[in-house]
Amino acid sequence: MNINVQTKSGLPIYEQIERQIKDMIIAGVLKEGEMLPSIRTLAADSKISVITVKRAYEDLEKEGMIYSVQGKGFYVDNPDLQYMKEKKTVGLEEKLGEWVDAAKASGMSREEAMDMLGILWD
Amino acid sequence: MIEAKNINFHYRHNKNDFMINDVSIEIKPGYMTCLLGSNGAGKTTLMSLIYGILNPESGNIYYEGKPVDKKTQQAFHRDVAYFGEKWCANNLKVNENVEMLSLLYPSFEKKLFDKYMVLAQANDISDKKFEILSTGEKAKVETAFLLARTPKFIILDEPLANIDPVFKTDILQILQRSVADNGTGVLISTHLLDEISEMVDYIYVMKNGQIVKQGDRFELLGDEDGSLKSILL
Numbered sequence: 001m002n003i004n005v006q007t008k009s010g011l012p013i014y015e016q017i018e019r020q021i022k023d024m025i026i027a028g029v030l031k032e033g034e035m036l037p038s039i040r041t042l043a044a045d046s047k048i049s050v051i052t053v054k055r056a057y058e059d060l061e062k063e064g065m066i067y068s069v070q071g072k073g074f075y076v077d078n079p080d081l082q083y084m085k086e087k088k089t090v091g092l093e094e095k096l097g098e099w100v101d102a103a104k105a106s107g108m109s110r111e112e113a114m115d116m117l118g119i120l121w122d
Numbered sequence: 001m002i003e004a005k006n007i008n009f010h011y012r013h014n015k016n017d018f019m020i021n022d023v024s025i026e027i028k029p030g031y032m033t034c035l036l037g038s039n040g041a042g043k044t045t046l047m048s049l050i051y052g053i054l055n056p057e058s059g060n061i062y063y064e065g066k067p068v069d070k071k072t073q074q075a076f077h078r079d080v081a082y083f084g085e086k087w088c089a090n091n092l093k094v095n096e097n098v099e100m101l102s103l104l105y106p107s108f109e110k111k112l113f114d115k116y117m118v119l120a121q122a123n124d125i126s127d128k129k130f131e132i133l134s135t136g137e138k139a140k141v142e143t144a145f146l147l148a149r150t151p152k153f154i155i156l157d158e159p160l161a162n163i164d165p166v167f168k169t170d171i172l173q174i175l176q177r178s179v180a181d182n183g184t185g186v187l188i189s190t191h192l193l194d195e196i197s198e199m200v201d202y203i204y205v206m207k208n209g210q211i212v213k214q215g216d217r218f219e220l221l222g223d224e225d226g227s228l229k230s231i232l233l
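Chains as they are written, first to last, in our numbering: chain S, 1 to 122; chain L, 1 to 233.
Pairs of lysine-lysine, DSBU-like flavour, derived with a Cα cap of 35 Å:
id: 1; chain 1: S; residue 1: 47; chain 2: L; residue 2: 66
id: 2; chain 1: S; residue 1: 72; chain 2: L; residue 2: 111
id: 3; chain 1: S; residue 1: 8; chain 2: L; residue 2: 115
id: 4; chain 1: S; residue 1: 47; chain 2: L; residue 2: 86
id: 5; chain 1: L; residue 1: 110; chain 2: S; residue 2: 54
id: 6; chain 1: L; residue 1: 28; chain 2: S; residue 2: 72
id: 7; chain 1: S; residue 1: 54; chain 2: L; residue 2: 168
id: 8; chain 1: L; residue 1: 152; chain 2: S; residue 2: 72
id: 9; chain 1: S; residue 1: 47; chain 2: L; residue 2: 111
id: 10; chain 1: S; residue 1: 104; chain 2: S; residue 2: 8
id: 11; chain 1: L; residue 1: 138; chain 2: S; residue 2: 8
id: 12; chain 1: S; residue 1: 8; chain 2: L; residue 2: 28
id: 13; chain 1: L; residue 1: 207; chain 2: S; residue 2: 8
id: 14; chain 1: L; residue 1: 138; chain 2: S; residue 2: 47
id: 15; chain 1: S; residue 1: 62; chain 2: L; residue 2: 28
id: 16; chain 1: L; residue 1: 168; chain 2: S; residue 2: 8
id: 17; chain 1: S; residue 1: 72; chain 2: L; residue 2: 168
id: 18; chain 1: S; residue 1: 54; chain 2: L; residue 2: 111
id: 19; chain 1: S; residue 1: 47; chain 2: L; residue 2: 110
id: 20; chain 1: S; residue 1: 62; chain 2: L; residue 2: 152
id: 21; chain 1: S; residue 1: 31; chain 2: S; residue 2: 72
id: 22; chain 1: S; residue 1: 47; chain 2: L; residue 2: 207
id: 23; chain 1: S; residue 1: 47; chain 2: L; residue 2: 28
id: 24; chain 1: L; residue 1: 28; chain 2: S; residue 2: 22
id: 25; chain 1: S; residue 1: 47; chain 2: L; residue 2: 129
id: 26; chain 1: S; residue 1: 22; chain 2: L; residue 2: 168
id: 27; chain 1: L; residue 1: 111; chain 2: L; residue 2: 28
Derived CB-CB ranges, DEER-like:
id: 28; chain 1: L; residue 1: 169; chain 2: S; residue 2: 77; range: 32 to 38 Å
id: 29; chain 1: L; residue 1: 39; chain 2: S; residue 2: 27; range: 49 to 55 Å
id: 30; chain 1: S; residue 1: 9; chain 2: L; residue 2: 183; range: 29 to 35 Å
id: 31; chain 1: S; residue 1: 67; chain 2: L; residue 2: 104; range: 41 to 47 Å
Since the hints were derived computationally from the structure, they do not count as laboratory data. Even glycine gets a Cβ: it sits at the ideal position worked out from N, Cα and C.
Please construct the entire structure, taking both the sequences and the accompanying hints into account.
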């Protein structure tokens, strides 16, 4: 499993790990029942501390994204994926709404805004 | 687990005081614990006391709940590796040194040594005389050797001092690998938190022979960030 951590990005590392794993589960890259790497293995592979990974796994377990089996490890759970996808989209809509308001306030036209979106997307 | 409980020690040599004042620390298996302090804070003295090179005036070292004494010391030294003494003979090649040292430790496995040397990017130096290696290369050899014994614990006294930054990463890499593969408990001392901050789980800050701060990385931070900022020494 490829987790990309950026140590100086401002976002706490445990949160980076949680987000990436969550995204992989939502996208279906990590499938239900699939076993995650052990806490120590992920820590060594990503060169971060064991308790940072532990915290991320524990948070994900609390959210119902993964579950643990005593003596075996952590596995992908079956969270309400549809709900999670919708939640993510709602978040994006809100962000986009804010951006549209700001763009309008700056005097940008619809066409200019669409152009900007096109450029940034690529 | 290794526990040092209420360790006291005082030794004066020339005009230097080597003092440890009521220190208690734990080395947990499967985690990386850092002893952080500026030079002269007492890190080497404390590690020598834990490993058994020095004896405390009062207080005890416990290994798996039992005090380390003459009866239990052999088992303790079998399970606990110490980086800080010079094990290798300068005029011998790396390979020859390893062969010689392996006679002392039945748990040593040559193929593990080779594996760690590869992981530490040091596999091309086995044929060289120890004395011509750089400080960093020597540290890689010694760390790889210690880990190839599959110790339950490893104590490293400033293993990264005077080493090329690139080499530092290599050495930390094989330590982490041992933690991941074997649940090794690591105690590592440094005066520069930055060089190991991302991998450290627990920290003891030492000053004037005492522990002045301790906790896990989240506690010592004070906020939610989880990345260590500079801790005032």
